[in-house]
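Chemist: The primary structure of each chain is shown beneath.
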Amino acid sequence: MNLMQYMLAQQAIEETFWRKAPGQGLILWVVIGLALGTGLCFLLSTVPTNLRKKVIFTFTFLAGLPYVLAFLWPRPISADFTNDIPRNKGEEIGFFINQAVEPVGTLTNILGGFLLGVGIFSLVRVHSIRIKRRQENWGYSLVLLASFAIMTVVGFWDWRLRAFVDQTGALNVRDNWQPVNYAQDLLFEGIYQQMDSAMFSMIAFFILSAAYRAFRIRSVEATVMMASALILMLNLMGALTYAWGEGINNLVVQTGNPFLMNFKLNVFADWLRSTMQIPAIRAIDFGVGLGALAMGLRLWLGLEKGGVTA
Amino acid sequence: MTIWEKMQKVDRRILYAILVVCVCVGLFFPTTIPTDPDPSSKSFYAEVMKLEKGSTVIIQTDWTNSTRGESMGHFENLMRLMMHGDHKFVFYSAADPAAPQVARTVLARIVAERKGQGLREYKVGEDYIDLGFFPNAEATNTTMGSNLRSVWANRKSKTPTGGEVDVWQTPVLKDVKNIGDIDMMIVVTASASIDVAIQRLAQKVPITAMVTGVTGPGVLPFYQSGQVKGLAIGLKGVYDVEYMMVNGINDVEVEGQKVVEWDKVGKVDRVSEGTTFSRGRAYYGTLHVALVLLILAVIMGNVAMFASRRRKGDAV
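Protein sequences appear in the order of chains A and B.
Residue numbering for the first sequence is 1 to 310, as defined by the numbering used here.
Residue numbering for the second sequence is 1 to 316, as defined by the numbering used here.
There could be a bad hint or two in this list.
[Said to hold, decoys possible] From the derived model, a few chain B residues whose C-beta atoms are all more than 12 angstroms from chain A:
#, residue
1, T2
2, F28
3, T32
4, D36
5, S40
6, D86
7, G118
8, E138
9, N147
10, K267
11, G274
12, T276
13, L296
[Unchecked claim] Pairs of lysine-lysine residues, derived as DSSO-like cross-links and limited to a Cα-Cα distance of at most 27 angstroms, are as follows:
#, chain 1, residue 1, chain 2, residue 2
14, A, K54, A, K305
15, B, K267, A, K264
16, B, K53, B, K6
17, B, K123, A, K264
18, A, K264, B, K258
I should point out that these hints are in silico values taken from the structure, not numbers from a laboratory.
Backbone N, C-alpha and C fix where the C-beta goes; we use that ideal spot for every residue, glycine too.
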């Protein structure tokens with residue numbers, strides 16, 4: 001199966017105002033979409049500088065509108081917007097709005113994919129210029145672009161073999177791999193992922209160094225923080241928690257005082273988490289949420305000018 | 001320069017060397033350490049084991065090898081639990097383009113491991129579906145909540161024989177019409193993508209999570225409020241789950257005492273087949289060593305500071 005057959009083999013989907021099943025006319029729609037997209041990009045590039053912000057704000061507002069309306073518009077509690085039939089005009093509008101959420105979501109996912117493309121374009125452009133002008137550390141840029149090209153070619157080749165050539169699932173077994181499959185495995189698992197791990201593991205060294213040099217008990221607050229951290233860290237050590245707990249159990253048996261159970265390490269740590277840590281995090285989350293709401297509203301309504309340059 | 005002043009100015013490379021040696025030694029001696037799993041881990045295990053055989057589960061896997069010390073152990077345990085329960089599952093990522101490939105690698109390894117143990121082999125398109133990457137977590141989770149069939153419309157899955165089939169025609173999803181037909185959503189993550197899933201889907205499907213130690217405290221409020229039904233946090237969470245896979249909850253007894261006790265649930269069975277203790281057991285001893293080292297570093301650093309101050313005070 002080639003890519004074109006793959007696209008043609010798409011199943012019929014539920015139709016709404018927002019989405020039409022392409023059926024056999026899929027290729028035509030793809031061509032129309034590409035033509036419209038290219039035309040739109042061309043038109044956008046010709047928009048006068050002073051109008052660009054307005055275009056951006058209009059698109060932002062339109063993209064956010066279905067989500068806001070879907071949240072605010074009254075609807076039956078158990079409404080199924082795919083299979084139910086609206087009973088009146090109000091519900092009909094609600095259904096119309098809610099059916100828009102999915103295509104807009106799909107659109108944002110596609111835009112997210114395009115953003116990856118924009119990122120790649122920008123990366124290639126910046127580093128190509130650096131190599132061309134022999135700027136400082138241009139050698140690193142060369143390595144970056146070479147790695148990028150090799151990874152792309154090998155990755156797509158491997159994907160093509162697995163998706164379109166291998167019809168029996170033979171490549172799922174390592175013994176049947178071809179050189180390109182080994183190359184992909186080496187590049188992705190053997191190099192990229194291992195470097196990812198190595199970078200992250202460096203944090204351990206900085207944490208230890210910081211613990212030794214910077215975590216000083218210089219104030220009451222620092223002492224409280226250190227005591228709390230100590231209890232939570234000790235609680236992560238199962239051996240210690242278990243031994244401590246057994247000791248408390250024996251003490252309770254000897255003294256007959258169940259209150260001592262509160263001094264089990266895990267009970268105390270759990271109390272710290274649920275009574276101190278979680279409420280504090282919740283308060284922070286609440287503040288962050290309010291801030292995000294305010295910022296979201298500002299962005300949606302075009303009041304936030306930062307980051308939008310003409 | 002006194003010994004205390006020298007200690008305060010110790011070369012950081014010495015600290016690094018101590019860390020490397022201590023951590024590496026622990027890795028060579030995996031030990032079964034008795035523990036009392038955290039309540040959130042117990043909830044996670046109980047919720048997953050409570051699923052009826054053959055349930056349908058959505059797995060959002062948002063981790064890569066940068067956090068494999070914790071997340072890979074979580075994901076391996078999850079795969080073993082899914083396969084033990086004969087559950088059908090769908091997995092995808094909404095946070096990192098590399099995450100699906102990392103999950104595929106782990107899944108393939110667990111499938112091969114179980115095959116080698118003479119257990120049923122999980123097959124793509126029949127027992128699980130790989131949906132790949134969705135770039136926008138907010139839009140994806142929101143649409144999943146409103147219309148699951150449309151968000152995955154036209155997605156194809158490989159079949160065990162190498163062909164392709166629409167995901168909605170597979171045994172995994174053919175009876176699913178909306179998110180309410182999914183028995184559980186499990187998020188394995190090293191980032192705040194769990195927050196998005198909770199905000200968009202917690203009212204529509206039971207959510208449990210396996211998160212890193214760094215992400216864990218941020219998810220605890222959702223666990224406390226009941227929006228997340230169970231939560232395995234960090235390496236301790238990995239070991240907790242493995243420990244319960246071996247001992248169950250209120251199940252296995254040693255000398256008349258239950259190994260893992262919890263009064264919030266009845267008996268929750270242990271996992272009686274395949275691998276149980278694995279990565280968590282291998283790393284848990286090392287976690288002990290690393291934490292002891294960290295605590296010692298803080299204590300030594302402070303002792304050196306106070307001793308040095310006192311000497312300076314005496315000198316004045």
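Chemist: Hint by hint, note whether the structure agrees.
Modeler: Hints, verified against the model:
The Cβ of B:T2 sits about 17 angstroms from the closest Cβ of chain A, beyond the 12 angstroms cut-off, so the non-interface label holds. No Cβ of chain A approaches the Cβ of B:F28 within 12 angstroms, the least distance being about 18 angstroms, so the stated non-interface status holds. Distance check on B:T32: its Cβ comes as close as 10 angstroms (rounded) to a Cβ of chain A, failing to clear the 12 angstroms threshold; non-interface status is violated. For B:D36, the non-interface assignment is contradicted: its Cβ lies about 5 angstroms from the closest Cβ of chain A, within the 12 angstroms cut-off.
The Cβ of B:S40 does not lie farther than 12 angstroms from every Cβ of chain A; its closest approach is about 9 angstroms, which violates its non-interface assignment. Remark: the non-interface label on B:D86 is consistent with the geometry, its nearest Cβ contact in chain A lying 21 angstroms away (cut-off 12 angstroms). Interface exclusion of B:G118 from chain A stands, the closest Cβ pair being 18 angstroms apart, more than 12 angstroms. With a cut of 12 angstroms on Cβ distances, B:E138 falls inside the contact zone with chain A, its closest approach being about 8 angstroms.
A Cβ of chain A approaches the Cβ of B:N147 within 12 angstroms, the least distance being about 5 angstroms, so the stated non-interface status is violated. Every Cβ of chain A is farther than 12 angstroms from the Cβ of B:K267; the closest lies at roughly 21 angstroms, confirming the non-interface assignment. The beta carbon of B:G274 is kept farther than 12 angstroms from every beta carbon of chain A, the shortest such distance being approximately 20 angstroms. Every Cβ of chain A is farther than 12 angstroms from the Cβ of B:T276; the closest lies at roughly 16 angstroms, confirming the non-interface assignment.
Listed as outside the interface, B:L296 is inconsistent with that label: its C-beta sits roughly 9 angstroms from the nearest C-beta of chain A, within the 12 angstroms cut-off. Taking the CA atoms of A:K54 and A:K305, the gap is near 11 angstroms; set against the 27 angstroms cutoff, the hint holds. In summary, the hint linking B:K267 to A:K264 is supported, as the alpha carbons are separated by about 24 angstroms, within the 27 angstroms threshold. Between B:K53 and B:K6, the direct Cα distance comes to roughly 62 angstroms. Violation of the 27 angstroms bound is thereby established for this hinted pair.
Our distance criterion of 27 angstroms between C-alpha atoms is broken by B:K123 and A:K264, whose separation comes to about 46 angstroms. Under the criterion of a C-alpha separation no larger than 27 angstroms, the hint pairing A:K264 with B:K258 is consistent with the structure, at around 18 angstroms.
Violated hints, listed in ascending order, are 3, 4, 5, 8, 9, 13, 16 and 17; each of the other numbered hints is respected by the structure.
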